[in-house]
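Engineer: Start from chain A and add chain B according to the hints.
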Amino acid sequence: MNIVAPVKREMHVVHSRGDKVFRGIVTAGALTSLIILGLIGSFLFARGAQVFSQYGLKFITGTNWSSSLDEGIASEFGMGPMLVGTIIVSTIALLFAVPMSIAGALYIEFYAAGRVRRILSGLLDLAAAIPSLIFGLWGIQVFTNFGQNWAEFLATRLGWFPLFNTISDNYGRSPFVAGCVLASMVVPITTSVAREVYSRTPRELIDTCYALGGSKWGAIKTVVLPFGKSGVVGGAMLGLGRALGETVAVYLVLNLNFRYTFRILESEGGNVASLIATRFGESTSEELTALVAAGFVLFLLTLSVNMVASTIVTRTTRK
Amino acid sequence: MSDVTIPQPTRPWQRKRSEVARSGASLALVGLLSFGIVLFTGFAGVDGWAVCIMLLFIAALIYRGRKLSKKERGNATVQLVITAAAVLAFAPWLSILGSVLYKGVVGLRLNFITSDMRTTVPDDDLSMGGALHAVLGSLLMVSIATVITLPLGILSGVYLTEIKGRFTFLVRFVVQSMSGVPSIVAGLFIFTTYNSLTNGPSAFGGALALGILMLPTVARTSEEVLKLVPDDLRSASLALGARQWRTTLMVVLPTVRSGLITAGILGVARVIGETAPLLLTAGSNSAFWFNPAKGPIASLPIYVFGMLQIGTEYAVNRAWTGALVLMLAVFALFFTARKLGGKDKR
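First to last, the protein sequences are chains A and B. The C-terminal residue of the first sequence carries number 319 in our numbering, and the numbering is unbroken. The C-terminal residue of the second sequence carries number 346 in our numbering, and the numbering is unbroken.
One chain only, chain A, in its complex shape (with noise of 0.2 Å):
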């Protein structure tokens, strides 16, 4: 007898009129946001493309940022110190937001019981729907007064690390301040990605941990982190794309000034939403390409951060 293997058919799809119709619709609406993303780059891109080519290279490193409304004397448009200005923050916003992220994740994950558990997490996802406006709110009315003493602290007993160097004894509104303010609303997305991909740590993997006699933090050394590894470094990237792209939070609190200035401690600093903002309501049209050029730039900034990110995090949280 000879028993032949099965083959696998040709399987073909003939869809009703109607389907075709209605997948046609849903495609169509799927595709909106596709649309929608290409539009925003490419309008920015075309908008602000005569600043580009008028400046090239040199609007993203020029030092200067002035609008004349005289004709004899030129305007000058260039973004580099607003620019250097939202990576120093964005990058303080994140040193102090993923340690805390992923103790806040561990804690609630691993250490926390029942009903703190429950409270916290709930905290959590209330956090991370609290808008930016009442996080700059709280920033300069309230935190301000904090940041400011920790801010002189620094300066006075660690003024000799370069960073900590000022000149005048103005410690409000600095990058710093701004700094700390981006962290408390990086911190819940960090937090929420850094726990979903804690909490999918193959449960045997730590229970053989325990078995071989591991303590807690041994189990969460060994196993938890370096499984979290990329899940955590995906959610500090959508972090800071939340940060580098925050207009009203730190437009509130930080002062803006254009000059290079790494001096963090001090009332000055640079941010390009906040730029924009600030300097939308009173421009020429000449300003306002400009600025629509540094929507442009602030826009590819970010949404390369969130692209890699979001690749990252798919990539670990899928089931």
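Hints may be right or wrong, so weigh each one.
Stated by the list, open to error - Here are the simulated BS3-like pairs of lysine-lysine, each with C-alpha atoms no more than 27 Å apart in a straight line:
#: 1; chain 1: B; residue 1: LYS164; chain 2: A; residue 2: LYS20
#: 2; chain 1: B; residue 1: LYS227; chain 2: B; residue 2: LYS339
#: 3; chain 1: A; residue 1: LYS229; chain 2: A; residue 2: LYS216
#: 4; chain 1: A; residue 1: LYS216; chain 2: B; residue 2: LYS67
#: 5; chain 1: B; residue 1: LYS67; chain 2: B; residue 2: LYS16
#: 6; chain 1: B; residue 1: LYS16; chain 2: A; residue 2: LYS229
#: 7; chain 1: B; residue 1: LYS227; chain 2: A; residue 2: LYS20
#: 8; chain 1: B; residue 1: LYS71; chain 2: A; residue 2: LYS216
#: 9; chain 1: B; residue 1: LYS227; chain 2: B; residue 2: LYS164
#: 10; chain 1: B; residue 1: LYS70; chain 2: A; residue 2: LYS216
#: 11; chain 1: B; residue 1: LYS71; chain 2: B; residue 2: LYS16
#: 12; chain 1: A; residue 1: LYS8; chain 2: B; residue 2: LYS164
#: 13; chain 1: A; residue 1: LYS221; chain 2: B; residue 2: LYS70
#: 14; chain 1: B; residue 1: LYS67; chain 2: A; residue 2: LYS221
#: 15; chain 1: A; residue 1: LYS221; chain 2: B; residue 2: LYS71
Derived by calculation from the structure, the hints in this document are not laboratory data.
Structural biologist: Below, chain B alone, put in the same frame as chain A:
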């Protein structure tokens, strides 16, 4: 028969009196020491105290654990450090909730939601003027945004779970990346397109900008919710001879109705506090503006923002009250979404 001594039950888990005394003493020591530190160093204020007490407390606990084995000691130390860092991570949110409540209640009177700023200047007494116009403006813009965005978001969700066509990966990727578009960029985009066509700020412009920010949330939540529909339902419907469109419209979508409403609510909660895009596209106003197609319109976030910019005492009070109303709205939306979201899973 000899006397039998009945063993008294011991309670090893109960703390001995000496232990209680010792922890009391160490607490007192921590208090005294931190008082000393606050006196003689730069630490000051509530935060200085908190840090001192926390550090000393950790030190005291580590000292008390000196007799433990090396492994146990490491474990306990890490637990302390993680707990302390977690407290630090959660502290700002508690501070935010507390200060918004505490400072917002001052100006929370009936007139805050029944009158507008038409005849009131920000410096007037808090018993005059309010944010009615701002609340209405926010409601109007968010409703328009929802009407536009909800269908699109649900379509994306349906595409990702029901059709699974060629663009599945692309759509998912774009939706993910779109959630990272900075709000000011969305505002700038609408400003350079819609607003420059229609000459100036309007409710429609604001709503479109909000819609861009809302779409990813709605799409992603819809997808998550639609994933929960068991495949059996789809198969059963198809086996009964229904076409895919009938299956989707009459079986799949009704099954997760409350979940889809949740998606909409979460989208609203995401954008109701957005300030930057409205700054560019909707402008501000001291009374409600009835024409959504043209003319600046007030909104709650812009109201708060504007009052804060004015910066006088009463204006700042108004800003805090606006923030309180905004936060209550966000939380109410959030809890409704949770309640509804829990319904589908049952």
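Engineer: Starting from B/LYS164, check that the Cα of A/LYS20 is at most 27 Å away, please.
Structural biologist: Between B/LYS164 and A/LYS20 the Cα gap is close to 14 Å, so the pair holds against 27 Å.
Engineer: Could you grab the alpha-carbon distance between A/LYS229 and A/LYS216 and see if it respects the 27 Å cut-off?
Structural biologist: Within the cut-off at roughly 18 Å; holds.
Engineer: Does A/LYS216 sit within 27 Å of B/LYS71, going by the straight-line distance between their CA atoms?
Structural biologist: 10 Å, holds
Engineer: Are B/LYS67 and A/LYS221 close enough, with their CA atoms no more than 27 Å apart?
Structural biologist: Given pair B/LYS67, A/LYS221 holds - Cα atoms ~23 Å apart, limit 27 Å.
Engineer: So if I understand the rule, the pair passes when the alpha-carbon distance is 27 Å or less; does A/LYS216 with B/LYS67 pass?
Structural biologist: Distance of about 19 Å is within 27 Å: holds.
Engineer: Are B/LYS16 and A/LYS229 close enough, with their CA atoms no more than 27 Å apart?
Structural biologist: 43 Å, violated
Engineer: Measure nothing beyond the straight line between the CA atoms of B/LYS227 and B/LYS164; if it is 27 Å or shorter, mark the hint as holding.
Structural biologist: 12 Å, holds
Engineer: Against the 27 Å threshold, does the CA-CA distance of B/LYS71 and B/LYS16 hold or violate the hint?
Structural biologist: Holds. B/LYS71 to B/LYS16 sits at ~25 Å (cutoff 27 Å).
Engineer: Can you confirm whether the C-alpha distance between A/LYS221 and B/LYS70 stays at or below 27 Å?
Structural biologist: Holds. A/LYS221 to B/LYS70 sits at ~16 Å (cutoff 27 Å).
Engineer: Check the hint pairing A/LYS8 with B/LYS164 against an upper bound of 27 Å on the C-alpha distance.
Structural biologist: Within the cut-off at roughly 22 Å; holds.
Engineer: Are B/LYS70 and A/LYS216 close enough, with their CA atoms no more than 27 Å apart?
Structural biologist: 14 Å, holds
Engineer: Does the structure keep A/LYS221 and B/LYS71 at a Cα separation of 27 Å or less?
Structural biologist: OK: A/LYS221 and B/LYS71 at ~13 Å, within 27 Å.
The structure is inconsistent with hint 6 alone, although it conforms to all the rest.
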